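Take the sequences, apply the hints, and build the full model.
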Amino acid sequence: MSATPSILYIFYIVAAVLFILGIKFLSSPRTARYGNLVAAAGMLVVFGATIPLLHEQSWNLNCTLMAIGILIGLALGALGAYSVKMTAMPQMVAAFNGLGGGSAALVAGLEFLRRAHSAEGIAPFFAVTMLFATLIGSLSFSGSIIAFLKLEGHFEKPHTFPGQNFFNGLVLLVILGLCGYLIGGQTTNSTAFVILFALALFFGIAMVMPIGGADMPVVISLLNSFTGLAVAADGFTINNLSMIVAGTLVGSSGTLLTLLMCKAMNRPVTNVLFGAFGSASGSKAAAGGVAGTVKPIQADEAALLLAYAQRVVIVPGYGMAVAQAQHQVRELSDELGKRGIEVQFAIHPVAGRMPGHMNVLLAEANVPYDQLCEMEAINPSMDRVDVCLVIGANDVVNPAAREEKTSPIYGMPIIEADRAKTVIVMKRSMAAGFAGIENHLFYKDNTRMLFGDAKASLNALVAAVKAN
Amino acid sequence: MSVEHILVLFIFILSIFVGFEVISKVPSMLHTPLMSGTNAIHGIIVLGGMLVLAGADTPLARTLGFVAVIFGSANVFGGFMVTDRMLQMFKKKKK
Numbered sequence: 001m002s003a004t005p006s007i008l009y010i011f012y013i014v015a016a017v018l019f020i021l022g023i024k025f026l027s028s029p030r031t032a033r034y035g036n037l038v039a040a041a042g043m044l045v046v047f048g049a050t051i052p053l054l055h056e057q058s059w060n061l062n063c064t065l066m067a068i069g070i071l072i073g074l075a076l077g078a079l080g081a082y083s084v085k086m087t088a089m090p091q092m093v094a095a096f097n098g099l100g101g102g103s104a105a106l107v108a109g110l111e112f113l114r115r116a117h118s119a120e121g122i123a124p125f126f127a128v129t130m131l132f133a134t135l136i137g138s139l140s141f142s143g144s145i146i147a148f149l150k151l152e153g154h155f156e157k158p159h160t161f162p163g164q165n166f167f168n169g170l171v172l173l174v175i176l177g178l179c180g181y182l183i184g185g186q187t188t189n190s191t192a193f194v195i196l197f198a199l200a201l202f203f204g205i206a207m208v209m210p211i212g213g214a215d216m217p218v219v220i221s222l223l224n225s226f227t228g229l230a231v232a233a234d235g236f237t238i239n240n241l242s243m244i245v246a247g248t249l250v251g252s253s254g255t256l257l258t259l260l261m262c263k264a265m266n267r268p269v270t271n272v273l274f275g276a277f278g279s280a281s282g283s284k285a286a287a288g289g290v291a292g293t294v295k296p297i298q299a300d301e302a303a304l305l306l307a308y309a310q311r312v313v314i315v316p317g318y319g320m321a322v323a324q325a326q327h328q329v330r331e332l333s334d335e336l337g338k339r340g341i342e343v344q345f346a347i348h349p350v351a352g353r354m355p356g357h358m359n360v361l362l363a364e365a366n367v368p369y370d371q372l373c374e375m376e377a378i379n380p381s382m383d384r385v386d387v388c389l390v391i392g393a394n395d396v397v398n399p400a401a402r403e404e405k406t407s408p409i410y411g412m413p414i415i416e417a418d419r420a421k422t423v424i425v426m427k428r429s430m431a432a433g434f435a436g437i438e439n440h441l442f443y444k445d446n447t448r449m450l451f452g453d454a455k456a457s458l459n460a461l462v463a464a465v466k467a468n
Numbered sequence: 001m002s003v004e005h006i007l008v009l010f011i012f013i014l015s016i017f018v019g020f021e022v023i024s025k026v027p028s029m030l031h032t033p034l035m036s037g038t039n040a041i042h043g044i045i046v047l048g049g050m051l052v053l054a055g056a057d058t059p060l061a062r063t064l065g066f067v068a069v070i071f072g073s074a075n076v077f078g079g080f081m082v083t084d085r086m087l088q089m090f091k092k093k094k095k
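Those protein sequence lines, which keep their order, are chains A and B.
Just so it is clear: in the first sequence, position 433 is 433 by my numbering, and no numbers are missing.
Just so it is clear: in the second sequence, position 23 is 23 by my numbering, and no numbers are missing.
It is worth saying that the hints were derived from the structure and are not from the lab.
A portion of the hints provided could be inaccurate.
Distance windows between CB atoms, simulated [to be verified]:
(1) A/Leu259 / B/Gln88: 25 to 31 Å
(2) A/Pro52 / B/Ile11: 19 to 25 Å
(3) B/Thr58 / A/Pro52: 21 to 27 Å
(4) A/Tyr369 / B/Leu60: 52 to 58 Å
(5) A/Arg384 / B/Ser24: 30 to 36 Å
(6) A/Gln298 / B/Gln88: 37 to 43 Å
(7) B/Gln88 / A/Arg384: 34 to 40 Å
For clarity, every value in this text was computed on a predicted model and none was experimentally measured.
Glycine is no exception: its CB is placed at the ideal position from the N, C-alpha and C atoms.
Here is the structure:
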């Protein structure tokens with residue numbers, strides 16, 4: 001690397017600054033889009049500076065493969081990014097993250113195998129960075145695939161068996177043992193390395209399978225930071241500063257983001273990863289029974305309540321995303337607005353499948369910014385709300401988080417929908433939410449249940465409000 | 001461990017702190033785009049894939065390097081595009 005021209009490092013510094021500014025701009029609504037472009041510009045700078053290095057030799061098969069590979073990736077990426085529905089964004093992020101992790105693992109694996117057979121062998125420092133990237137990268141790859149499938153609706157429920165944590169611990173122990181063996185001088189043993197690779201892939205699956213679909217945002221965020229760290233380790237291995245800086249930035253900001261998400265749910269990150277949420281403790285709480293009865297309501301009557309309210313708060317949840325009902329929601333809010341009713345949207349930090357999921361969807365439907373309120377902002381005035389319309393949200397409005405000490409979600413901050421004068425809950429059935437627990441809100445005296453598909457119910461509501 | 005390694009570790013440690021500092025004040029509604037945007041940034045791994053592929057000399061190494069480049073390229077392009085698509089919507093509504 002001593003042959004690397006110093007001008008290359010100047011470009012890497014520029015790129016690092018652009019990445020940092022990009023992330024910085026991404027954290028404010030006003031500059032977010034600009035921030036993404038700044039980060040992309042940083043990427044262009046890195047490529048522009050590095051690609052000439054590759055062309056020291058004449059064009060060969062490897063160069064052709066590179067060009068083809070990039071074009072295929074570009075096509076796949078563009079196809080994924082532009083064909084995906086707004087509701088499926090979380091899956092897409094998981095998929096892209098998994099690909100990045102897989103790439104990082106392959107890069108480390110290839111370097112490892114190449115150096116293992118070279119004359120000079122592998123220094124312990126590089127053995128560590130390569131094994132780390134292989135491990136973390138492949139774990140992120142397989143884990144992201146499971147997260148993707150869970151968000152697509154396959155095996156959403158936590159999959160657990162007795163002694164699972166023990167079993168996973170055992171696998172991890174074997175992995176670490178193999179790492180020790182490889183670092184401790186046996187670096188030429190390719191078989192051990194391939195076994196390690198396979199075990200790491202398996203561990204990614206075993207780690208994510210027991211986690212429920214509701215916790216996937218946290219998992220994706222964690223795997224995102226993992227991939228970042230794997231990329232940084234690859235950067236150490238092949239001595240590329242821009243990869244170290246970019247990977248580390250993602251690793252640390254991703255870790256912080258993960259912790260912020262867990263904080264919003266009031267659960268330590270270890271509980272999310274190893275708690276197998278909603279299995280044992282969840283059913284116990286549900287069996288405890290809930291006082292009160294469920295009171296259904298028809299769309300016409302619900303429309304009357306809405307049409308003659310003064311202040312309406314809408315609480316959207318994942319159900320709205322599934323039903324693709326964000327446009328109907330906006331129509332209803334416009335219709336109520338025309339009648340002089342104050343309409344606000346209360347957004348729980350973890351509503352939907354990702355923090356900010358609801359904001360993205362409502363933005364797609366052109367709901368004005370100033371109508372969106374964060375949980376902390378709206379809760380103090382909830383008892384002055386005439387009608388609180390809960391659309392496909394469940395756990396984030398469950399008063400058990402406040403009242404039921406034994407509930408697994410006890411202590412989680414919620415939107416206090418139950419304090420509104422009337423609560424209308426739109427839901428397909430009485431099925432429990434992702435946490436797998438009964439929602440006490442549905443049995444409260446001031447709650448009415450409007451059963452049916454959110455989109456159909458909203459259309460009926462809009463028509464009925466217009467008629468009034 | 002050479003001086004060069006130490007310097008690189010130094011940069012690594014500082015980057016950790018920068019990463020923490022720079023996102024400490026993100027409103028929760030921007031969490032998804034932020035996750036998506038940082039996800040695109042680690043797509044820089046495509047560069048690693050290219051560098052490794054450039055040195056590949058066996059069919060197996062070529063194939064794996066090729067796959068690494070495809071994966072990384074999808075990560076970086078798809079990541080920035082999907083983030084832009086998300087943020088486009090935020091832009092539209094703020095008049």
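Results for each hint:
About 29 Å separates the C-beta atoms of A/Leu259 and B/Gln88, a value consistent with the hinted range of 25 to 31 Å. A beta carbon spacing of about 23 Å between A/Pro52 and B/Ile11 agrees with the range 19 to 25 Å that was offered as a hint. Between B/Thr58 and A/Pro52 the beta carbons are some 26 Å apart, a value that agrees with the proposed interval 21 to 27 Å. Evaluation of the 52 to 58 Å hint for A/Tyr369 and B/Leu60 yields a pass: the beta carbon distance comes to about 53 Å.
As the Cβ distance of A/Arg384 to B/Ser24 is approximately 33 Å, the hint placing it in 30 to 36 Å holds. Taken as a hint, the range 37 to 43 Å holds for the pair A/Gln298 and B/Gln88, whose Cβ atoms sit roughly 39 Å apart. A hinted range of 34 to 40 Å holds for the C-beta pair B/Gln88 and A/Arg384, which are about 35 Å apart.
In this structure, every one of the numbered hints holds.
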